[in-house]
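> Protein chains in written order, with this note's numbering: chain A, 1 to 232; chain B, 233 to 464; chain C, 465 to 696; chain D, 697 to 928; chain E, 929 to 1160; chain F, 1161 to 1392; chain G, 1393 to 1665; chain H, 1666 to 1938.
It is possible that some hints are incorrect.
The calculated lysine-lysine pairs, modelled on PhoX-like cross-linking and capped at a C-alpha distance of 25 Å, are [said to hold, decoys possible]:
(1) H/LYS1682 <-> F/LYS1350
(2) H/LYS1694 <-> F/LYS1289
(3) G/LYS1421 <-> E/LYS1124
(4) F/LYS1196 <-> B/LYS428
(5) D/LYS903 <-> B/LYS453
Stretch-level coverage of chain E by chain C, calculated; a stretch enters the list once three of its residues show a Cβ under 8 Å from a Cβ in chain C [said to hold, decoys possible]:
(6) 961-972
(7) 1087-1098
By construction, these hints were calculated from the structure, which means they are not laboratory data. We put the CB at the ideal spot given by N, CA and C, even for glycine.
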Amino acid sequence: MSNIIMTEIFTSFQDYLHSEQNVREEIRNIVKEIEKNAREILTVLQIIHQENGAQQTSSSCLKARQLFEEVRENYKKLSAIVPSGQYYRFNDHWRYVTQRLCFLAALTVFLEVGILVSINTVAEILGVKVQASEGFHLDLEDYLMGLLQLCSELARFAVNSVTSGDYNRPLEISKFVGELNAGFRLLNLKNDSLRKRFDALKYDVKKIEEVVYDLSIRGLKPGSASTEATTE
Amino acid sequence: MSNIIMTEIFTSFQDYLHSEQNVREEIRNIVKEIEKNAREILTVLQIIHQENGAQQTSSSCLKARQLFEEVRENYKKLSAIVPSGQYYRFNDHWRYVTQRLCFLAALTVFLEVGILVSINTVAEILGVKVQASEGFHLDLEDYLMGLLQLCSELARFAVNSVTSGDYNRPLEISKFVGELNAGFRLLNLKNDSLRKRFDALKYDVKKIEEVVYDLSIRGLKPGSASTEATTE
Amino acid sequence: MSNIIMTEIFTSFQDYLHSEQNVREEIRNIVKEIEKNAREILTVLQIIHQENGAQQTSSSCLKARQLFEEVRENYKKLSAIVPSGQYYRFNDHWRYVTQRLCFLAALTVFLEVGILVSINTVAEILGVKVQASEGFHLDLEDYLMGLLQLCSELARFAVNSVTSGDYNRPLEISKFVGELNAGFRLLNLKNDSLRKRFDALKYDVKKIEEVVYDLSIRGLKPGSASTEATTE
Amino acid sequence: MSNIIMTEIFTSFQDYLHSEQNVREEIRNIVKEIEKNAREILTVLQIIHQENGAQQTSSSCLKARQLFEEVRENYKKLSAIVPSGQYYRFNDHWRYVTQRLCFLAALTVFLEVGILVSINTVAEILGVKVQASEGFHLDLEDYLMGLLQLCSELARFAVNSVTSGDYNRPLEISKFVGELNAGFRLLNLKNDSLRKRFDALKYDVKKIEEVVYDLSIRGLKPGSASTEATTE
Amino acid sequence: MSNIIMTEIFTSFQDYLHSEQNVREEIRNIVKEIEKNAREILTVLQIIHQENGAQQTSSSCLKARQLFEEVRENYKKLSAIVPSGQYYRFNDHWRYVTQRLCFLAALTVFLEVGILVSINTVAEILGVKVQASEGFHLDLEDYLMGLLQLCSELARFAVNSVTSGDYNRPLEISKFVGELNAGFRLLNLKNDSLRKRFDALKYDVKKIEEVVYDLSIRGLKPGSASTEATTE
Amino acid sequence: MSNIIMTEIFTSFQDYLHSEQNVREEIRNIVKEIEKNAREILTVLQIIHQENGAQQTSSSCLKARQLFEEVRENYKKLSAIVPSGQYYRFNDHWRYVTQRLCFLAALTVFLEVGILVSINTVAEILGVKVQASEGFHLDLEDYLMGLLQLCSELARFAVNSVTSGDYNRPLEISKFVGELNAGFRLLNLKNDSLRKRFDALKYDVKKIEEVVYDLSIRGLKPGSASTEATTE
Amino acid sequence: KGREVLEQIDDNNPVIKMFKEYGAELDTKHDRHERIVKISRDITIESKRIIFLLHSAATDLEHKREQIFNEADLRLNQLIEKSFKGIALELEDHDPYLYLRAYTAGVQEFIEALLYYQFLRYGEIQPSQNLCEKFKYMIPILPKGNDNTEVMEISNREVVMVIPLTEFFLGMADFTGELMRRCINNLGSGNIDDCFRICNYVKDIYMGFLSINSSGYKEIGRKIYILKQSLLKMEYVCYNIQVRGSEIPKHMLATVINANNAEVNNEEDEGYY
Amino acid sequence: KGREVLEQIDDNNPVIKMFKEYGAELDTKHDRHERIVKISRDITIESKRIIFLLHSAATDLEHKREQIFNEADLRLNQLIEKSFKGIALELEDHDPYLYLRAYTAGVQEFIEALLYYQFLRYGEIQPSQNLCEKFKYMIPILPKGNDNTEVMEISNREVVMVIPLTEFFLGMADFTGELMRRCINNLGSGNIDDCFRICNYVKDIYMGFLSINSSGYKEIGRKIYILKQSLLKMEYVCYNIQVRGSEIPKHMLATVINANNAEVNNEEDEGYY
Ligand SMILES: [Mn+2]
Ligand SMILES: [Mn+2]
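Just chain A, same shape as in the assembly:
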């Protein structure tokens, strides 16, 4: 290239592109670590579906909590790398795993205390902000996606709880998911992935309702009059 001006222009472009590629590379590496954390937490919490999982629930939650510490550290690294104001530029790299971690955090809290975790608490668990203006934050849609994933897991949990002889859990789940469902129904979702995922929620709701039905028709629903009759 004989033209000096042009050479300069393109050389500075190259620097720019190079530094961007470096940022992406670093992000990818940290996200890989976070994915590993998420995988481990998921594996730890899978215990609930096993035959005698109920006894080990609290110890599993404890292990999950420890793993979340690593998650926090990794998100801290991530937030240090992503240039301010460019969260959404690189968002795709961590979106999926963040949704997964929202699900896992929500599951942990549900197992621990049986309530719906707030977005603030999840952000705390992951070690990120809630408001986009404060820095590296937890996107609302990712949090909602995590909740929807939670519902699927709970539907499966309801089934396996019964298999393990725990007839109380399905009722708790039914109430919880029912309320979540009603909440989502209030949202005017546009036609995106969140909407699609929400449409799938009804199958989870139905599944759980059928589990509760099966328990009630057989008088296995705790606290129902017929239960006493049978269990006596």
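Dock chains B, C, D, E, F, G and H with the ligands against the given chain A, drawing on the hints supplied.
Same frame as chain A, but now just chains B, C, D, E, F, G and H with the ligands:
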């Protein structure tokens, strides 16, 4: 939903989602305006491909410059709406038309003074910043995409110049695009849309080289010795 | 474009296209409102699936009836915008929500009086005509689609009724859906979305039959001889 | 079905569906005929691409005109069957072939007199109305699609004209298509099939420009000074 | 087309396609009739799922037998049209309805005499051959598909029999479907639709077993020794 | 996971995947280096397309030769990482750049001595083996792909040589590519990427022939008898 | 409950007996399908190779060309005599349409090769009827039971390989792809007249396809689209010859082309010795 | 111009010589690929049949079951000794990954069959290492040149059939599909304990897959999805057993089930004679 806490959570979500949808709606409307501007500028500049387009080039550029004023105003509106730090969240709405306008600005400058417009100048023409940190800015990749679109237009222009009897223009274009090509070759592009578009550049280069070839073998290349010989 | 005639031709085209796009925009806006109405009615009627929903059924129907008033007004606006004779040109915009509203109207009527609502009544509830020749009307296929959606909801309702201890409702539903099923079977449906949706009806029918089965085998079927025998 | 009211409801539905299916069947049969006509006209006009096609152009146009008579009769039958106000309900059946016939009518007129046929004239040739309000009409978008198909055919025709030694035709085509292109550029097309088809137009324009380029650089462009020089 | 041989080649091809299309048209018409027959037979036999269906079973079978006469006539027409040795060329048209009729024939025979109908008998009922070499025949795979459909219907029948207080029928069905299941396991099925359908058979078997199980634990299984034991 | 054997099985699988991912990562890094080398060599050799490129050809080749030394070192690193006998397991990573380097090596040799480089020589230039059994080798298909890329480059070179006034080069290229073309025709290619790429060779051959043809009819073909005849 | 059902069922259970027969029938069919697929794959590969061989017939050395044609002819006939006969025997007494999917790929590729051979050698393709003639095989019927080695009249039975006409035309559409390759190669080797001839030939085929009503035959529609793309490329080649040829007067073009082909012509002349 | 280039090129032209060698090499590779594909298809079909055979082992007649297991074992070994040996010989001295696509289908189906067999017979599957052992073949090296028929020591060379570990796990994922079929069939035949056992076994496999990082292996991701669907179905079966079984006290459930299986038990007892 009996649960009051959950109701609150979801109500505030709804507000959030609602305001986001409003922002998107506003963006869409402004972008539609910008697209209209771009269409008009393109139509004005298409004159160059017509038989006697050469004479009208400078007046076309003038008209284009006037239309760019409207573009600037629209980008000003856009930058007012997009929340700070969320440029890349809504980026998809204006990315395509911005690339188009980079192409049109670059074409205008090429027609006016025959040189490669810098990203700074394009940003000025569009009325946006260059650095992401300064606010609503011109993304480097969009600028580069615009340049690649320019090359295609110039390839067509080289062909039509010959038809109009202007044997000088193709040489000018050949030099210009050749240098641009060399510049792009220096960039270590990752495998994205920019890379794909750059891969298509070689067809434009080849086309232009063939036009120059046609001129030289027929002795129509201005300033070549054989021209005189043949045309005599 | 030098050619004046052509310019004229295309200018008038532009006017045409422009006005069409405006109509679509207005339709979209009204349809969004109707969708909001439908969402609200659905939320109101979801009460039936809750544990003590039975008591609140009639007040829910009342609320739904009030919301249908808004629906009527919106359909009135819609019918004012759609040019006569072009119902099917823009049909896609409101088809889906209309089917949903047919379902909701049919559900309301079923809850109120336990019978199948006629297409005339639904049209009245929505504030539209029945005959295409009379103006903005309710398409027969949309009405049928609504009925099929109703059956799915009733299958779920049958399950949840049992959970709530209402052993009468499933029988009522079984009879109702059984008759609807027989009715649909008479129709010679071609291979379209209606047919597809109808094919899914059999799962609802089966589900409801199984609920009734569960009640009978446990002697919970009201009015059956074996009930007495077992419960004694 | 024991329930008499329901039986009645569904029986009347069956009548309705049955008559609709009959209408569709009749439409399909007529459309098949029209497709046959279109195929014959297309085959007749293909002569222009053959080596000595130029001489037979006018006789081909004549044959095409005769075949259009049959087309008109078939459209008359069609318009008799489609219920008033339901054009867009059954539109899909004849849309594609109508676009094709617009192309063929436009090609015929171009070959006969070298001008752009208006939508009115095409409607006349097909024997249908122009305004939707007047009855069975020619949809504007179908007419435009036909024009875009015409441009592709003309690009091919330009190439084959040169092969047959007719150097005049490409210039005529270039002017014609260039104007059409400029016309289309004015339209604010939404993102539908028309827009997609229009995006493909640029390849036709480029192709034709290159043909004209090839002629000019070799001094074969009729009326150019260099032509005389060479041909002498 | 200047080339005479080519014209001939394509003319004969057009003739071929045309005659094929005619044959298909005729086939389609007859198949529509057969589908109507099948729909009627199905409606007639649906009586078994009704509360007091048991009493009407034999009269339903009688009606079905009469309707099968029409079926036979229609298959006779079909076999007259399909050229010998080209059964599988047009097979797709009637495959689906034939499977359905196999199911209906098998259901009729089961209701009449409680045994599995052989392919020979079904072929007789439909008025077709068994061996492909003898002419228009009943494909083995279609027969098997029909049997699989039968199992689904019987699973539903088992459920509804209990609802109607008929505790004998489920046992009969259980034995019948068990044998069929054992039979199917002898087949080496490819990964085709038959295999897929067979995989679904498990769920029917499971359902039926559950019904039988429900009867036994409640001592409702006719003639079982344990009945007394449990109910005491 | 309660099952110990299963845990072991999956642990060893994870180890396997992990080590594979590590190998891939290392390969990717080296390949990136090689790609950089290839890009530099290409840039160096692009000089030939410039107006006065001919003079600088030999110095460009020299520079290319130096860059190939780095290439060799990088391939050495690569061959150290890829386990013996697993070349094709990781092949996809370097296939593309290897083809490119075959092209560049072949171009260099052509520019230096005007002959077709053998696969052995290319393997030497890249510092790899020829036989798969000897270790990290040069795949025959990659070598052939490189040759096909060479032909495209030479077609472009032929055009630009004429522009630079070098009328000899196109003839040399024509002979060279002609022989290559004849060579390729001896190969029984499957319907794979090589076949596809070979099909495109025709256009290069065609382009080159047209250049030679242009030279002959203008009497610019060096040393042809007809030159005199025509130019007179 | 179910368990005993399964156990009770012995091999004499009528249902089990029925299904054993059904199973045997399904296996027979599946096996035959698999055997035909294998033969079809062989045909595909060999046909592709024959096409490749034929492309090398783009030579002006007549004896070399003849040699190639003879070899292609031989190999095509071998396919007919061996592989297709194999399929025909498998299909004997069976509805060929039942197994069509097993051999359609091979048939189409074979037709592509055959038509390309016919076109190159004779400048024309033959209608499908001629092919049908070749696909009739006479199979000797061995007298059974009669073990004595007396001279007997051996009777034959005719076995026919059925190829649905649509397959023939699908193969024909592919064949135009080879014509395009040939046309563009011709330009490279200066065979200008052939370019026009081939281009016009494909135009005829294209018009043939345009004139038929192929609605409902997706595959044909797809191939017509590809065919049109090929045709456009060929037309552009012819256009290029014309537009370049027109830079100098026609009579000079001829000279130039002849001059360029001097050596070739010489070689051709040698053919007359 | 081009024409003469082509004609001038004789067989001694160095380019032509080079390409003749290249052509031979490509043909060899292609032919080998094709041969391997054919063997792979045979393996696929036979493996599917073995799986089908194994499904009929859901019987309580021990001798019948043993008989089936023995037959399956035999046929699996035949595949190893014949078909896979064939592939191994084809691959000898070649990079197996070059031909992996030619035999991946067969390998996966074989592993599916093998694991299903192992699970049914031994209640456990064996790690892939054990399989690798079986895939080593000793091939006698014939002494060459030495034509005298003296007694010689025949030396062997080892030929190995390489199966990438990912293939093993892809086959394992498919194997869970068969387990699901089996689990649901079990419910039908009253084999309640087996339902729980199989379900738990698949849970373990599922957790195994969850615990690995399979990013970049699309095929594995796809199979994990299917695996989860199967698992959900099985869990629902177990759920059903539990919820229905809990309608009466546990000890009574046992009685009921035994009562229902009376005949079966008798038959089983007979097995001890
Ligand atoms: Mn081909
Ligand atoms: Mn399987």
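> Against each hint, give a clear statement of whether it holds in the structure.
Results of checking the hints against the structure:
no., hint, result
1, H/LYS1682 <-> F/LYS1350, "21 Å, holds"
2, H/LYS1694 <-> F/LYS1289, "18 Å, holds"
3, G/LYS1421 <-> E/LYS1124, "18 Å, holds"
4, F/LYS1196 <-> B/LYS428, "18 Å, holds"
5, D/LYS903 <-> B/LYS453, "23 Å, holds"
6, 961-972, "holds (count 4)"
7, 1087-1098, "holds (count 5)"
Of the numbered hints given earlier, the model fails none.
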